[in-house]
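*Asks:* What follows is each chain in one-letter form.
Number of protein chains: 2
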Amino acid sequence: MKIEPLTAKPSKEELGTRLEKVRELMEKQKLDYYVSFSPTNIYYLTNFANIVHERPFILVIPKKGTLKMVCPLLESTHVKTRARCDLDYVIYYEFPAPEGQNWYNVYRPLFKDGDRIGIESAMPAGILKETRGTTVMTNIIEEVRVIKTDYEIGRTVHACLVVDEGMKKLLELTRVGVPIITIYSGLVQAMMAKALIEVPDINLMASKFQGAVWPPSISHDPHIIPTPFMAMEEGGPSCSIVGATVDGYGVEIERTLFLEYVPDHAKKLFDIMMKGRALAYKLAQPGTVLEEIDKQVRQVFIDAGYEKNIIHRTGHGFGITGHEDPFLALGDKRKLAPGMIVSIEPGIYFKGQGGYRHSDTVLITENGNLKLTHAPEQLEELLFKK
Amino acid sequence: MKIEPLTAKPSKEELGTRLEKVRELMEKQKLDYYVSFSPTNIYYLTNFANIVHERPFILVIPKKGTLKMVCPLLESTHVKTRARCDLDYVIYYEFPAPEGQNWYNVYRPLFKDGDRIGIESAMPAGILKETRGTTVMTNIIEEVRVIKTDYEIGRTVHACLVVDEGMKKLLELTRVGVPIITIYSGLVQAMMAKALIEVPDINLMASKFQGAVWPPSISHDPHIIPTPFMAMEEGGPSCSIVGATVDGYGVEIERTLFLEYVPDHAKKLFDIMMKGRALAYKLAQPGTVLEEIDKQVRQVFIDAGYEKNIIHRTGHGFGITGHEDPFLALGDKRKLAPGMIVSIEPGIYFKGQGGYRHSDTVLITENGNLKLTHAPEQLEELLFKK
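Those protein sequences? They're chains A and B, same order as listed. If you're matching positions, the first sequence starts at 11 in my numbering and goes up one per residue. If you're matching positions, the second sequence starts at 11 in my numbering and goes up one per residue.
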């Protein structure tokens, strides 16, 4: 397992390796074709990124031979300039189109009635309807994506350097009275500048840079979206999030922080969060069942009397997106394995006081795990004064 | 029809009017429920914006009574702070979750086996599978969205002022040698600043600001995505795009422009594009069949000998997104009606020379149409020198 930042586009061989793994699962499930509509799955196999809109892009993977890309005329050269694997183009004119020239007119004939066709659970009903043969819902591309290749690890290591830069800027800018929009603008610019310099041919359709700080009056509620002019508040805990997708690789770093002073009650709660977090890192080893980590970390919080203050799982996977399989959560019975990349972010939340959570992007290695994001972690390092 | 910029959030009455129209169509189609998973449809009816990820949000519209929102615990206060209509919350714990606590465990019991349930063509297969009763694929929310209320017109008029500002900045910055990223950064900042000042409680999850210029070496290919450091080239035509979604209202403005000089061959082609465009405006009246506009505009280009240079339809609708029903395209047999908002953007494209296209956001009125975006249109106004 090589752990060095990479910025080059994927080679044809890299994409070939991914396709081979998908086809192994297709063979096991006796599929003649697998159909992908998910832009992230299509990106994974082709390096072409699109946004879902009324003109569909559909990737058809036969069990043997060249992949077929159903796409609109207007986008065909866009696909050709980005795709880094062989593709047979199945081009339709427009959406809508005159009778006989619609996307389904070129899509339906790709299959025979007797074919067995794997589909994603995300496949839209409108495309499912036009898919002939026997369809089997099976998320095999997502399953392959769970274990990263050395190339993907390298790209993720690089993306982590970008969010590290964003977090550094966030910690510089976050002071009492500063509005969220100032922090947001500063960290987005810092990350974008780094990404653009280091990946000059970056695909902005596969890139996103964001971050914010939830002051203590709302940090108990991590999925509320703060309004832009909300100002930083003294005391704490404030919860900060920096996330990015850098040319197709999604990662995050999050820190709990304090401004001017640490309220008396906060020290103990911060320590309990850190205790749950330390246990999660200890358990994050190849072979551990994913839900077991969540279960044991929850027990730390439950034993401390804070069962009601747990409002989310311990972590989630990263890859092309910043939120994907596998999950460090009750109900995920898979085992951790080398090459998985996950967040470790147990948290506890108190209405009227705030929330406590650090998150990092963590690689599972042969022997344990390796944190790929870097920022201060201890309470005394996370107190900032004007 | 009032045509004044608005920036306030929608009232409960406004959302009630929209729901009523959806329910009229539900009644016509004898539906007991309509299920919406599309974030734009959910936003349209509730004012809550979400991004699709592994934790589903599902809006269930019964033929009578309060709407039900299936959502994860972690997001429930987020929904409550944004939604501006009554909602019954159907909350599940997490994704994944322990046996019996998953989203489908709370979703399935909302229906009986005999119910007739309308679904979107965008509904994911994985959600369709858990939807009991008889499902009928019918995009009724999209159908209602086609005709805008006075409130939506006002919000769109405001969004157009934002893209006008972006286009102004783009025309200021676009000079020979300037890299695309400089133009992009400048226009994004200009639009974002205007939007933030005028809509201080803007929902950034329902907002997006973007734009770029395709220099003549690539402007024949409008859906190729230029790389950030590509520099502006002399001559032309360059094609520029400025688009924004401002607190949930998507619009665009696009201009063909020239740097330093206008090549000899370009004048004639620019004029033909303008001739097709003028015809489209003339035809864009209540009662005109949408495909008829596309057909007649195409004929202008065909008569001039440029059939092969038409690579897209004449226009598309705007609303919550920058691309939606209805379409000024062959195959769309609906009629234009007051309250529709569409792009008018016929174009012709020449490999090795470039593309010719202006686009504006246009409101269909009782008597004709009204351009809501504003920027120079004539060739002599669109030549910029250092």
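Think of the hints as simulated: they come from the structure by calculation, not from any bench. For every residue, glycine included, the Cβ atom is placed at its ideal position computed from N, Cα and C. Be a bit skeptical, because a hint or two may be false.
In silico DSSO-like links for lysine-lysine, alpha-carbon gap of 27 Å or less [as the list claims (entries may be wrong)]: (1) B:K78 <-> A:K361; (2) B:K78 <-> A:K78; (3) A:K285 <-> A:K343; (4) A:K139 <-> B:K73; (5) A:K343 <-> B:K139; (6) B:K78 <-> B:K22; (7) B:K305 <-> B:K381; (8) B:K218 <-> A:K218; (9) A:K318 <-> B:K90; (10) B:K22 <-> A:K139; (11) B:K381 <-> A:K218.
Computed footprint of chain A on chain B, listed as stretches where at least three residues anywhere in the stretch have a Cβ under 8 Å from a Cβ of chain A [to be verified]: (12) 80–88; (13) 245–253; (14) 311–324; (15) 371–377.
*Asks:* Work down the list of hints and note, for each, if the structure agrees.
*Replies:* Evaluated hints:
With a C-alpha separation of about 25 Å, the suggested pair K78 (chain B) and K361 (chain A) falls inside the 27 Å cut-off, and the hint holds. For the hint linking K78 (chain B) to K78 (chain A), the alpha-carbon distance of about 40 Å lies beyond 27 Å, and the restraint is violated. Simply put, K285 (chain A) and K343 (chain A) have alpha-carbon atoms about 24 Å apart, close enough for the 27 Å limit, and the pair holds. For the hint pairing K139 (chain A) with K73 (chain B), the CA-to-CA distance comes to about 26 Å; that is within 27 Å, so the pair holds.
For a cut-off of 27 Å, the pair hint linking K343 (chain A) to K139 (chain B) stands: about 22 Å separates their Cα positions. Between K78 (chain B) and K22 (chain B) the CA atoms are separated by roughly 16 Å; this keeps the pair inside 27 Å, and the hint holds. Under the criterion of a C-alpha separation no larger than 27 Å, the hint pairing K305 (chain B) with K381 (chain B) is consistent with the structure, at around 21 Å. For the proposed pair K218 (chain B) and K218 (chain A), the alpha carbon gap of about 12 Å is at most 27 Å, so the pair holds.
Distance check on the hinted pair: K318 (chain A) and K90 (chain B) sit about 20 Å apart at the alpha-carbon level, within 27 Å; holds. Under the criterion of a C-alpha separation no larger than 27 Å, the hint pairing K22 (chain B) with K139 (chain A) is inconsistent with the structure, at around 36 Å. Proposed proximity of K381 (chain B) and K218 (chain A) is contradicted: the alpha carbons are some 32 Å apart, above 27 Å. As drawn, the region 80–88 of chain B meets chain A at 5 residues by the rule of a beta-carbon pair under 8 Å; at three or more, the given contact holds.
For the region 245–253 of chain B, the proposed coverage by chain A is not satisfied: 0 residues have a C-beta within less than 8 Å of a C-beta in that chain, short of the threshold of three. Residues of the region 311–324 of chain B lying with their CB closer than 8 Å to a CB of chain A number 3, which satisfies the three-residue condition for coverage. Here's how the region 371–377 of chain B fares: 0 of its residues keep a CB closer than 8 Å to some CB of chain A, so the rule of at least three is not met and the hint is violated.
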